[in-house]
Amino acid sequence: MTDKARTDAVAALEATTTNPAMRVVLDASAVNRALTRIAHEILERTQGADDAVLLGIPTRGAHLATRLGERIAAVEGLKLPVGTLDVTMYRDDLRLKPTRALGRTEIPNGGVDGKLVVLVDDVLFSGRTIRAALDALGDIGRPRAVQLAVLVDRGHRELPIRADYVGKNLPTAQRENVQVRLTETDEEGDAVLLGVKIAAAGAKEATQ
Amino acid sequence: MKRHLLSTADLSADDATLILDTAGELARIADRPIKKLPTLRGRTVVNLFFEDSTRTRISFETAAKRLSADVINFSAKGSSVSKGESLKDTALTLEAMGADAVVIRHWASGGAHRLAHAGWIHSAVVNAGDGTHEHPTQALLDAYTLRSRLGSLEGRRVGIVGDVLHSRVARSNVHLLSTLGAEVTLVAPPTLMPFAVESWPCSYSYELDPVLPKLDAVMMLRVQRERMDQAFFPTEREYSRRYGLHANRMAALPEHAVVMHPGPMNRGLEISAEVADSARSTITEQVANGVSVRMAVLYLLLGGSEPAIGTENDEGGAR
Chain A
0 MTDKARTDAV AALEATTTNP AMRVVLDASA VNRALTRIAH EILERTQGAD DAVLLGIPTR
60 GAHLATRLGE RIAAVEGLKL PVGTLDVTMY RDDLRLKPTR ALGRTEIPNG GVDGKLVVLV
120 DDVLFSGRTI RAALDALGDI GRPRAVQLAV LVDRGHRELP IRADYVGKNL PTAQRENVQV
180 RLTETDEEGD AVLLGVKIAA AGAKEATQ
Chain B
0 MKRHLLSTAD LSADDATLIL DTAGELARIA DRPIKKLPTL RGRTVVNLFF EDSTRTRISF
60 ETAAKRLSAD VINFSAKGSS VSKGESLKDT ALTLEAMGAD AVVIRHWASG GAHRLAHAGW
120 IHSAVVNAGD GTHEHPTQAL LDAYTLRSRL GSLEGRRVGI VGDVLHSRVA RSNVHLLSTL
180 GAEVTLVAPP TLMPFAVESW PCSYSYELDP VLPKLDAVMM LRVQRERMDQ AFFPTEREYS
240 RRYGLHANRM AALPEHAVVM HPGPMNRGLE ISAEVADSAR STITEQVANG VSVRMAVLYL
300 LLGGSEPAIG TENDEGGAR
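Line order of the protein sequences matches chains A and B.
Just so we're aligned, residue 0 is where the first sequence starts under numbering that gives the first Met the number 0, counting upward by one.
Just so we're aligned, residue 0 is where the second sequence starts under numbering that gives the first Met the number 0, counting upward by one.
No lab work stands behind these hints: they were computed from the structure.
Backbone N, C-alpha and C fix where the C-beta goes; we use that ideal spot for every residue, glycine too.
Hints may be right or wrong, so weigh each one.
Derived, one-sided and incomplete: chain B residues facing chain A with beta-carbon distance under 10 Å [claimed, not checked]:
1) Gly23
2) Arg27
3) Ala29
4) Ile33
5) Lys35
6) Pro37
7) Lys82
8) Leu86
9) Tyr298
10) Leu299
11) Gly302
12) Ala307
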């Protein structure tokens, strides 16, 4: 990353954190309840989730996958394999933006062949990230089935993709910006915020 | 605005760390059943080799193919270069064919810089060794190997031993390792120590034995007979006795220290077979890491709308 890009990213971050136009749509306890509900739904709909593998998409999806794994362990005493799946190299917009740094792909021991993979991400928007994730998954193995869990579905799909588990359906306008904050990555703690998009590079990341 | 990787002196500590971190992530696809990423689909990488090479060419070819780029291999032998075609005309041919990146090895120091800055082509240029000047991807893979063996490079002591005068590997490593915070010591007979070595960001010594016990890593350089136009040392036997790494000398190294060699090796001259095949030697590891590091360089130069590393066209890249 160039110095300029870094300064831009920092400026964008500061703008969003101090921007009064951002309003909280889910607070910490609402995020907590949504995750607990998704964990129950996964158990229910997969009849015990025996062969399920949770794969989070970095960075926030990865933290959410870890949390879902913990919830499921607390409810059912079942320790699901949890991993991460970086989709950067499979994105269709790579050439439209400056080169991105890579995230981590960590496939749990046992792989994904014949398993039920639950992809976990923070925000579902255009669906392009999930398309990339499906391609990335195809290069790693052949799951029995793939499902998708997201904390927020903000609409505006550009591809025929839908989520199986949704924390919150959030009607938004294209020009609006959805920001997910988690204690693992953000100092302010868990929250989902909605506001007007800031025309800078760094703020875009949160909407993907 | 395409950018290039011509010299490790152009890389900031952030750039170098980004390349090494990216390489670390890319190394993991080597364990997958499908060792391929679609990232550079539809891009063309030309391997332009005016000098013989096994490791570097195959490594770049593998790296480009793992990223799904199309690869054209071009070596001076068996091409129009042997009929007297100039670098410029070769470059214009490549430009007409629409190469996105040119990986060049040239016998002339500055060959890669000339190709990048003469305005003949618009592709990104990666220096894969130019004469006795630089070989940046070799230094990057050495740094990657050191980092994975020793944890961090900060404050680590690295000895580079042998034919420093003719070594582009040594030059690239001195810049890169010092940028990353390591302390480099060059060891060579006075005849093989480069002119004005005092101005390099490293220390130097004419004796190997006093330096060895302090090192975290020792990098043995190949004695480059093909570049030696005069007698630089009396006999090979004497060179090997004073500057070669054999079992007795290896025992003087600290317990954790590693032995590196960029290859190809002259077994029995600068390094004994016993040392080269020992558990401390990282020589085959270096080759494997080379693919990951070159994938990282190609991805960071070609992956996005603008590259994340390297020098810009309008800058003077040479140092």
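A quick look at each hint next to the structure:
With a least beta-carbon distance of about 9 Å to chain A, the hint placing Gly23 of chain B at the interface is held under the 10 Å criterion. About 6 Å separates the beta-carbon of Arg27 of chain B from the nearest beta-carbon of chain A, less than 10 Å, and the hint is met. Interface hint status for Ala29 of chain B: violated, as the beta-carbon distance to the closest one in chain A is roughly 12 Å, over 10 Å. At its closest, the beta carbon of Ile33 of chain B sits 4 Å from a beta carbon of chain A; the interface hint therefore holds under the 10 Å criterion.
Given the 10 Å rule on beta carbons, the hint for Lys35 of chain B holds: about 7 Å separates it from the nearest Cβ of chain A. Because the closest C-beta pair between Pro37 of chain B and chain A is about 6 Å apart, less than 10 Å, the hint holds. For Lys82 of chain B, the interface hint is violated, since its Cβ never comes within 10 Å of a Cβ in chain A; the closest pair sits about 38 Å apart. At its closest, the beta carbon of Leu86 of chain B sits 28 Å from a beta carbon of chain A; the interface hint therefore is violated under the 10 Å criterion.
The criterion of a C-beta within 10 Å of any C-beta in chain A is met by Tyr298 of chain B, whose closest approach is roughly 7 Å, and the hint holds. Taking 10 Å as the C-beta cut-off, the interface hint given for Leu299 of chain B holds, the closest approach to chain A being about 5 Å. Satisfaction of the interface hint for Gly302 of chain B is found here, the shortest Cβ-Cβ separation to chain A being roughly 4 Å, below the 10 Å cut-off. At a threshold of 10 Å, the smallest CB-CB gap from Ala307 of chain B to chain A is about 4 Å, leaving the interface hint in force.
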